[in-house]
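Please model the complete structure; the sequences and the hints are all you need to start from.
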Amino acid sequence: MKTKKYILAILLIVNIIFTPVQGSAMHIMEGFLPLGWCIFWALCCIPFFIWGMHSINGITKENPQHKMLLGVGGAFSFVLSALKLPSITGSSSHPTGIGLGTILFGPGVMSVVGSIVLLFQALLMAHGGLTTLGANIFSMAIAGSLAAYGAFKLCKALKMNNSVAVFFAAFFGDLLTYVTTSMQLALAFPSEVGGFTTSLIKFLSIFALTQIPLAISEGILTVIIFNLLTVYSNNELKELSVLPEEGL
Amino acid sequence: MSKKQIIRTNMILLIAVVMISVVSLYVAKEAEFTGADTKAENLIIEISPEYQPWFKSLFEPPSGEIESLLFALQAALGAGFIGYYIGYKKAK
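Residue numbers (this note's numbering), protein chains in the order written: chain A, 1 to 248; chain B, 1 to 92.
FYI, nobody ran anything at the bench for these hints, they're computed from the structure. Hints should not be assumed to be uniformly reliable.
Said to hold, decoys possible - Chain B regions said to be covered by chain A (calculated; three or more residues, Cβ under 8 Å): (1) 7-20; (2) 24-33; (3) 36-49; (4) 52-62; (5) 70-76; (6) 81-88.
Unchecked claim - Derived lysine to aspartate or glutamate pairs resembling DMTMM-like cross-links, with alpha carbons at most 25 Å apart: (7) A:Lys84 - B:Glu67; (8) A:Lys153 - A:Glu236; (9) A:Lys67 - A:Glu245; (10) A:Lys84 - B:Glu41; (11) B:Lys4 - A:Glu236; (12) B:Lys90 - A:Glu245.
Just so you know, even glycine gets a beta-carbon here, dropped at the ideal spot from N, CA and C.
Here is the structure:
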C-alpha cells in the first residue's frame, strides 16, 4: 500500500516536471495577448479554480479510493496534449484530453488539473505562456470542460448509450477549447475592416477547422480508455454515477 | 460488454484514429503541417501590424530534438501511469 503510494507520487511529480513539451500547440502564445485581456481572463478563472479545489478536497477526504482514478484523468490529459497530430487542413494541432476527467469528476476538478498542465507547459516548454495562462486556462480547462460536461449530460438525458455520450463529450470539449481561443483572439485583435466578426472567422478558420478531425480522434481515444475503465474500474464508475448502479 | 468484446472494439477504434491521421497526411500532401499557433501568430501580425509581443518565454527548449524528447517523455509517463493503473486493477 505504501509502495503504491510512493510510486504514484513519483510518477505524478515526474509527469508534472516533464509535461511542458509542445512546439506547435494551440494555446495563445506568450506575449500575444494585451495586458488588459490577460488580467480579464485570469480573473474569470478564479471562481472556477476555487470550485475545483473544493471538489478535489472533497474527493481526497471522502473518497480517497478515487485518487488513482483522478490521476488517470490527469495522465490522459498529459498523453493527449503531447500528441501533435496532422489535420486535413494541412496544419497540426493537439487534442486536450480534458473530456475523460470531466466525465469522471466534473468540470470543476478538471479546471484545476488543466491549469497544472498548462502552467508547466508554459514554464518548461515555451508552449502557451505565463501572461496568457489565464486565457488558456479559461479556454481549455473551463470552457472545454464545461462543454464536455454539458455534452455528456445532454447525451445521457437523450438516453444515448455511454460510448456515444463519451465520444461527444470529448469531441465538444476539444472543439470548444479552440472556438474559445479564437474568440479570445478576435476580441483582442478585431479586424480594422469588419471588426470582431471578421477576425473571429479568420481565427476560427485556423483553429477550429484544424481541430475538427483531431476532436474526432480525441472522441475515439476517450471511448477507448472509457471502455477499459468500464471493465477494470466498474465499481468506481458506479460510485461516481458515471455508470448506472444496475450494471453496464 | 465482455472483456473480449472490449478488446475487439478498442482495436477497431484505434485503427480508426490512425486512419484519420493517415487520411489527413494524404489529403494535404503538399502542406507543411505547421502548428496552428504559428499560423495564428502570423494572422495577428497581419491584423495588427503594430502589435509587439510584450513578454518572452522564460525558458525555451534549446532545439527541436530536445523539444521532441520532452514530448516523448510526457506521453510515455502519462501512458505509463494509465498502464500501471489498469494493470493494478486487473491484478486485483
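Indices of hints not satisfied (ascending): none
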